[in-house]
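Novice: Using the sequences and the hints, build the whole thing.
Residue numbers (numbering that gives the first Met the number 0), protein chains in the order written: chain G, 0 to 440; chain D, 0 to 440.
Only true hints are included.
If you want a taste of the chain D side facing chain G, the calculated C-beta under 8 Å gives, among others:
id, residue
1, Ile62
2, Ala65
3, Gly103
I should point out that these hints are in silico values taken from the structure, not numbers from a laboratory.
Beta carbons are placed, not taken as given, at the ideal position from N, Cα and C, and that holds for glycine.
Residue strings, one per chain:
There are 2 protein chains.
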Amino acid sequence: MTARITALDTYDVRFPTSRELDGSDAMNPDPDYSAAYVVLRTDAGDGLEGHGFTFTIGRGNDIQVAAIQALREHVVGRDVAELCADPGSLNRDLIGDSQLRWLGPEKGVMHMAIGAVVNAVWDLAGKRAGKPVWKLLADADPEWLAGQVDYRYIADALTQEEAVALLRSGREGAAEREAALLERGYPGYTTSPGWLGYSDAKLTRLAKEAVADGFTQIKLKVGANLADDIRRMRAARAAVGPDIRVAIDANQRWNVAEAIEWTRALAEFDPYWIEEPTSPDDILGHAAVRQGVGPVKVATGEHVQNRIVFKQLLQAGAIDILQLDSARVGGVNENLAILLLAAKFGVPVCPHAGGVGLCELVQHLSMFDYVALSGTTEDRVVEYVDHLHEHFLTPVVINNGHYAAPTAPGFSAEMYEKSIATYRYPDGVFWAADLERNTAA
Amino acid sequence: MTARITALDTYDVRFPTSRELDGSDAMNPDPDYSAAYVVLRTDAGDGLEGHGFTFTIGRGNDIQVAAIQALREHVVGRDVAELCADPGSLNRDLIGDSQLRWLGPEKGVMHMAIGAVVNAVWDLAGKRAGKPVWKLLADADPEWLAGQVDYRYIADALTQEEAVALLRSGREGAAEREAALLERGYPGYTTSPGWLGYSDAKLTRLAKEAVADGFTQIKLKVGANLADDIRRMRAARAAVGPDIRVAIDANQRWNVAEAIEWTRALAEFDPYWIEEPTSPDDILGHAAVRQGVGPVKVATGEHVQNRIVFKQLLQAGAIDILQLDSARVGGVNENLAILLLAAKFGVPVCPHAGGVGLCELVQHLSMFDYVALSGTTEDRVVEYVDHLHEHFLTPVVINNGHYAAPTAPGFSAEMYEKSIATYRYPDGVFWAADLERNTAA
Numbered sequence: 000m001t002a003r004i005t006a007l008d009t010y011d012v013r014f015p016t017s018r019e020l021d022g023s024d025a026m027n028p029d030p031d032y033s034a035a036y037v038v039l040r041t042d043a044g045d046g047l048e049g050h051g052f053t054f055t056i057g058r059g060n061d062i063q064v065a066a067i068q069a070l071r072e073h074v075v076g077r078d079v080a081e082l083c084a085d086p087g088s089l090n091r092d093l094i095g096d097s098q099l100r101w102l103g104p105e106k107g108v109m110h111m112a113i114g115a116v117v118n119a120v121w122d123l124a125g126k127r128a129g130k131p132v133w134k135l136l137a138d139a140d141p142e143w144l145a146g147q148v149d150y151r152y153i154a155d156a157l158t159q160e161e162a163v164a165l166l167r168s169g170r171e172g173a174a175e176r177e178a179a180l181l182e183r184g185y186p187g188y189t190t191s192p193g194w195l196g197y198s199d200a201k202l203t204r205l206a207k208e209a210v211a212d213g214f215t216q217i218k219l220k221v222g223a224n225l226a227d228d229i230r231r232m233r234a235a236r237a238a239v240g241p242d243i244r245v246a247i248d249a250n251q252r253w254n255v256a257e258a259i260e261w262t263r264a265l266a267e268f269d270p271y272w273i274e275e276p277t278s279p280d281d282i283l284g285h286a287a288v289r290q291g292v293g294p295v296k297v298a299t300g301e302h303v304q305n306r307i308v309f310k311q312l313l314q315a316g317a318i319d320i321l322q323l324d325s326a327r328v329g330g331v332n333e334n335l336a337i338l339l340l341a342a343k344f345g346v347p348v349c350p351h352a353g354g355v356g357l358c359e360l361v362q363h364l365s366m367f368d369y370v371a372l373s374g375t376t377e378d379r380v381v382e383y384v385d386h387l388h389e390h391f392l393t394p395v396v397i398n399n400g401h402y403a404a405p406t407a408p409g410f411s412a413e414m415y416e417k418s419i420a421t422y423r424y425p426d427g428v429f430w431a432a433d434l435e436r437n438t439a440a
Numbered sequence: 000m001t002a003r004i005t006a007l008d009t010y011d012v013r014f015p016t017s018r019e020l021d022g023s024d025a026m027n028p029d030p031d032y033s034a035a036y037v038v039l040r041t042d043a044g045d046g047l048e049g050h051g052f053t054f055t056i057g058r059g060n061d062i063q064v065a066a067i068q069a070l071r072e073h074v075v076g077r078d079v080a081e082l083c084a085d086p087g088s089l090n091r092d093l094i095g096d097s098q099l100r101w102l103g104p105e106k107g108v109m110h111m112a113i114g115a116v117v118n119a120v121w122d123l124a125g126k127r128a129g130k131p132v133w134k135l136l137a138d139a140d141p142e143w144l145a146g147q148v149d150y151r152y153i154a155d156a157l158t159q160e161e162a163v164a165l166l167r168s169g170r171e172g173a174a175e176r177e178a179a180l181l182e183r184g185y186p187g188y189t190t191s192p193g194w195l196g197y198s199d200a201k202l203t204r205l206a207k208e209a210v211a212d213g214f215t216q217i218k219l220k221v222g223a224n225l226a227d228d229i230r231r232m233r234a235a236r237a238a239v240g241p242d243i244r245v246a247i248d249a250n251q252r253w254n255v256a257e258a259i260e261w262t263r264a265l266a267e268f269d270p271y272w273i274e275e276p277t278s279p280d281d282i283l284g285h286a287a288v289r290q291g292v293g294p295v296k297v298a299t300g301e302h303v304q305n306r307i308v309f310k311q312l313l314q315a316g317a318i319d320i321l322q323l324d325s326a327r328v329g330g331v332n333e334n335l336a337i338l339l340l341a342a343k344f345g346v347p348v349c350p351h352a353g354g355v356g357l358c359e360l361v362q363h364l365s366m367f368d369y370v371a372l373s374g375t376t377e378d379r380v381v382e383y384v385d386h387l388h389e390h391f392l393t394p395v396v397i398n399n400g401h402y403a404a405p406t407a408p409g410f411s412a413e414m415y416e417k418s419i420a421t422y423r424y425p426d427g428v429f430w431a432a433d434l435e436r437n438t439a440a
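Specialist: In structure tokens:
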């Protein structure tokens with residue numbers, strides 16, 4: 000009997016992080032880290048489910064849930080084996096829904112919904128194959144893997160033939176790199192010391208702890224007040240010494256000229272990269288900033304909407320560091336396109352993570368890239384933030400500043416049922432009690 | 000007593016246009032033209048309401064409605080007089096909602112929702128002032144109008160001081176142009192002959208009718224099949240003769256290389272512009288296409304997400320024609336930024352229209368531009384499609400291929416209550432009966 004997808008269930012999960020100022024930056028003063036969460040269920044009888052999500056920061060998580068639900072008809076009823084053997088076919092169907100496409104195309108709410116569903120399929124595919132997604136990708140036939148990418152609108156920069164060649168050459172020495180990955184893990188960096196809402200004392204303490212924990216890079220949020228940033232950057236540099244990389248992140252706060260001026264004003268403290276200096280849509284703006292702030296590197300990507308914008312950032316020489324996000328674009332398939340573009344242009348990928356479950360997901364992409372595509376971890380680090388991992392069945396494990404390679408099958412995407420039941424909005428245990436407290440007050 | 004906004008009501012309105020193949024093109028084979036419709040109500044006691052909408056093509060209209068509802072808390076309770084005296088302040092608040100911003104930023108579902116609400120405010124402002132929106136804008140003080148624009152992310156191309164100067168110089172001779180506008184109207188062009196689903200005979204008949212009706216430009220959908228396009232383009236050119244402009248529209252169907260090749264293959268029929276040759280996100284791709292297809296002009300904009308992408312299309316010399324859309328970006332305020340950018344770069348604006356109510360809205364923007372900004376209609380035409388106007392209280396009026404200037408106060412955005420009651424989805428009279436028929440069948 001053919002096993003089929005029987006349900007696409009969604010959950011509006013919100014964590015009250017704004018109450019602690021965790022995650023505060025120049026553009027996001029009070030985020031409530033949230034997940035528009037999706038579970039694919041089957042009648043295979045093997046107990047396996049596909050889990051995925053879009054990360055949001057609170058209000059609007061319900062809109063994101065509605066967008067995921069709109070994809071249900073494309074998924075429920077599919078043959079599970081066929082779907083897991085070719086997630087790219089679903090990816091193309093979802094992107095190609097002409098009526099839903101009008102709401103993007105390939106950007107914002109609707110595109111992130113597609114990413115959540117596609118990632119859930121990869122989670123299921125990994126579980127069925129008994130492999131973590133990084134290994135599923137690393138072991139895959141290069142021809143098949145290249146066929147998982149949608150080349151529409153990027154063929155002027157990357158053809159399927161080039162992708163096959165990159166993936167074939169990426170396989171040379173893969174076994175040795177896999178062994179090294181399992182032994183040492185993949186390098187991370189930490190943003191935990193640098194949130195804008197933290198005091199200098201907390202920043203200094205956390206920065207020293209980060210170095211003691213084995214991290215070789217930390218990151219500071221900047222962009223609200225230059226005098227404060229100079230003081231905080233001085234404190235951070237004093238705390239970690241000259242050999243630790245200190246990146247700075249403006250979260251899109253500036254126009255082009257401001258970005259150049261502000262970054263130059265911090266240059267004496269040797270920032271490694273300036274992240275999101277301006278709008279993620281401004282390819283030419285990033286190119287101008289890069290011209291203006293060198294040798295400080297320019298990094299962006301967590302809000303870059305799709306492979307088409309990444310393609311142009313690379314074509315225009317606008318970035319030194321590409322920061323893909325596991326749940327902003329159309330899922331693993333589109334991120335595969337982005338990793339291939341980065342490999343072709345020789346630009347290091349240092350993914351965005353943090354939020355809810357983004358570290359859990361994105362580690363798989365960087366580990367695949369190391370084992371079977373770029374073949375290196377040089378100048379490559381995955382962001383690490385110590386938030387909300389306790390809600391996941393197989394949370395990330397950090398040893399000596401490195402992400403340990405996950406061994407559990409799937410995409411590390413699965414949240415505890417109890418966490419969902421507690422933080423489901425607005426009727427989960429926490430929010431219902433919160434509402435009652437506020438009503439009583 | 001201060002009058003306040005008392006309600007933001009939404010309606011999911013869908014017209015079953017897919018049953019007639021009206022609106023069919025290479026990417027949108029079966030659109031059901033729809034509106035996520037919003038009404039702002041007040042306690043002013045003057046009977047005036049603000050109406051606005053996002054245009055969609057069917058599925059997903061409910062997601063768009065949910066996004067508009069998420070903005071309710073920013074609008075309800077506002078002082079009506081203050082709001083109408085400064086719609087830009089609401090525009091900035093809506094764009095600046097840090098949690099909702101994560102869902103874009105400034106693109107897709109969430110940004111179109113902002114556009115619907117901002118446009119509804121301008122509708123209300125026009126009604127309260129007793130002026131159509133084009134005249135409200137044309138009569139406005141240049142300093143005030145320049146202050147309605149958000150310069151974030153465009154200041155490298157347009158400063159507020161430059162905007163003031165452009166608007167001041169646009170006022171010279173405005174009275175004469177207003178008189179000319181009221182007498183002759185604003186030139187339009189028609190897409191009605193060229194839908195992909197139409198037969199050659201229907202195309203030929205409608206093209207001849209368009210010329211007889213006074214249009215000097217028509218448009219054909221292309222991109223599904225080259226042999227068909229050559230045949231259809233030949234028929235169209237034969238029908239209208241050499242002096243009528245025939246634009247072609249690929250609706251994003253192609254990669255860069257295909258766009259160049261396909262357009263060149265149609266060059267013998269002298270297409271005036273190629274519209275949406277590739278992804279609306281591909282600024283550098285459009286620049287490459289423009290290099291490859293001249294003297295055929297390159298046009299795009301109906302899916303361009305915001306002023307930041309338009310800025311770059313202009314900076315990169317990627318387009319000959321800028322096709323803003325009244326309801327894709329963040330409303331009148333952002334379209335004012337786009338008109339100013341176009342004026343600064345000297346690129347003609349030929350807005351996208353059609354759909355549901357897009358002609359009604361966008362005519363105001365072009366008429367303002369003629370009277371008080373660019374000061375010319377040379378090489379400028381507003382798209383006209385003869386669909387669904389009957390649902391509006393003050394539908395567009397076309398005389399001799401020109402849009403007659405609206406004289407009714409407001410933004411021409413108001414739909415008949417009966418139309419909403421009939422086509423509200425899924426419980427309006429039409430859809431309820433349709434569901435019953437399908438259930439019975």
